[in-house]
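Take the given structure of chain A and dock chain B to it, following the hints.
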Amino acid sequence: MAVYRRTYSSYTGALTPSWSRWFVLFRYARQNLFRSKFQTALFVASFFYPLVCLAMIYLAHNLAFLQQIGAPSQVLVIDNRFFFYYMNVQGVLAFVLTAFAGPGLISQDLANGALPLYFCRPLSRPEYVLGKASVLGILLSQITWIPGLVLFIVQATLAGPAWTWDHLWIAGSIIVSSLIWISVLSLLAMALSAWVKWRIVAGALLLAMLFFGAGFAEAINAVMRTQAGHFVNLAYLMRTVWNSLFQIDVEHAIPVVDAWIAILVYCAICLGLLLRKVRAYEVVR
Amino acid sequence: MSTTTQNGAATVELQQPVVAPRTPLIELDNLSVKFGDREILRGLTASLRGRAIGLLGPNGAGKSTLINTLLGFYPPHSGSARVFGHDIRTGKREIRGLVGYMPENDAFISKMTAVSLVRMMGELSGLPSSVALERAHEALFYVGLAEARYRQLGTYSLGMKQLAKLAQAIVHGPKLLILDEPTNGLDPSARQRMIRMIHEMRDSQQVRIVLCSHLLRDVEDTCDEVLILKQGRIAHYSDLQEERKANRRFLEMEFYGANGDFTEAIEKLGCECAIRANRMKIILPEGIETRDIFRLAAERDVRIRRLNFRRDTLEDIFLKAMES
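These protein sequences, in sequence, are chains A and B. Each residue of the first sequence is one higher than the one before, counting from 41 in the numbering used here. Each residue of the second sequence is one higher than the one before, counting from 365 in the numbering used here.
Same shape as in the complex, but just chain A:
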């Protein structure tokens, strides 16, 4: 169908592999995301703390410099607690980034009924969700476990094989804790994006879940004289799981296993809500 001819012609050339179609969604959604200067600035700012950590690792292995500035050599200890704090800071940044990037992912398709255009093509609903989720997944990976592993590798290189073997489990903890957080955030953001078509409201709801969730949990605990309120506090649940993953010795109000189960339930609910909304046409029974 050349422009100058302006006639209809069918396409007989080669097609891209069927399994790769979700990647098209990823490309377009990511492109759309970085059109916002604020979003780009926020993403770049998320690398500030990993750079600080990198400098701290360097200093911890540079005793001469610490002595020069008069600091005791034990002030910088690179251990599980160091990486736990790293994860906490990056976790918060991941949350903020999701609050701005997540809500627009699906809501703009739903706002003007664009979903039938996707699903009348060889693209399934899980592939659609995968395409959209991968945007957040890769974005958040870039600021959580990937720099975390880089820090671990730098530390391992400077500290030597003995430290590396003793602390190898920390690398696993960084990856697992990041992936859980990324999954929770992605599913939550997309579920809200699917149900609340107004992007700003969806973002505000996501932020409210974190901040009001904690307040609500404390209120339940105080009124009901129970610890069950913590189950509505997503941040607390995540902290409990992370504490156990990084072997931080603190007392928890709820058992770690229960926190794991609660998080998985949250994920399942979000996925259910998401798949309920992500369909070509809603069926009115």
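Source of the hints: derived by calculation from the structure; they are not laboratory data. A hint or two may mislead.
[To be verified] Mimicking DSS-like on lysine-lysine, the simulated pairs with C-alpha atoms at most 30 Å apart in a straight line are:
(1) B:K645 x B:K684
(2) B:K525 x A:K317
(3) B:K539 x B:K525
(4) B:K398 x B:K539
(5) A:K317 x B:K475
(6) A:K317 x B:K456
(7) B:K539 x B:K594
(8) B:K632 x B:K525
(9) B:K594 x B:K684
(10) A:K77 x A:K237
(11) A:K237 x B:K475
(12) A:K237 x A:K317
(13) B:K398 x B:K632
(14) B:K456 x A:K77
(15) A:K237 x B:K525
(16) B:K645 x B:K632
(17) B:K456 x B:K398
(18) B:K456 x A:K237
(19) A:K237 x B:K398
(20) B:K398 x A:K317
(21) B:K398 x B:K684
For chain B alone, coordinates are given in the frame of chain A:
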């Protein structure tokens, strides 16, 4: 060929599956669709083979549900359907690879430019990225949005959005184009343009079309086969092409000065006649032409005031189907 439906107390069904001498495009085999307890499509059985098939019916007849079921959006409750031989239950992906769909309602992403949206849809249909971009431009030129292709879709008028929907439906060069109310919201000239494009695409022989519309004229202008739905059932199937051919033998005549002799003479030619006052309806058999009628009239000094080929319009067919 026209297949009349059989009226039962509760069902209207085709007496036999419709067969036409072309490859089947859509085959419906006792297809039923339910939403909860509500039965939307009730035992549809038909075989559609036309180059352009019109889906007609009043609101709530099940036209859009049928389209959505063929696209795999709704699961069938019972029965089955095939598009290009692919079962809608097991061959969804194959069907969707062959189909271009223009939905009835708004379907766009307001912040995207037309060329981005059409390109993305092309890529999702399997076109390589560079080919998708090229064809997106071509499709937008073809539908007449060349000048506006870099504008955000949210700024488009209703007519332009319709054209953008058409562009995304044809960008990947589908074998079957499903158009749901394509002329909705178009002004007369835009409607003419849309109809002309549908004609062109149909006549290109590269794509077959299913057109769902309330506007009988749109369907009559573009389709060669019509399926009329009523309350989820097939009320009538009509092959317009065959019907047009058949109706070339059906005459309506107005005359003066005739007596029984003229009617007798016409009947002796083998024509079927129905006469009322000075008007006569005649069905011409093979081998008899209008000049034979004129000859008989001249021999008997009968003055023919008017002689028309009479055929049922789609409106007649539709109204009959609705009354049945």
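Practice task
Kindly indicate which numbered hints from before are broken by the structure, ordering the numbers from low to high.
Solution key: 8, 13, 14
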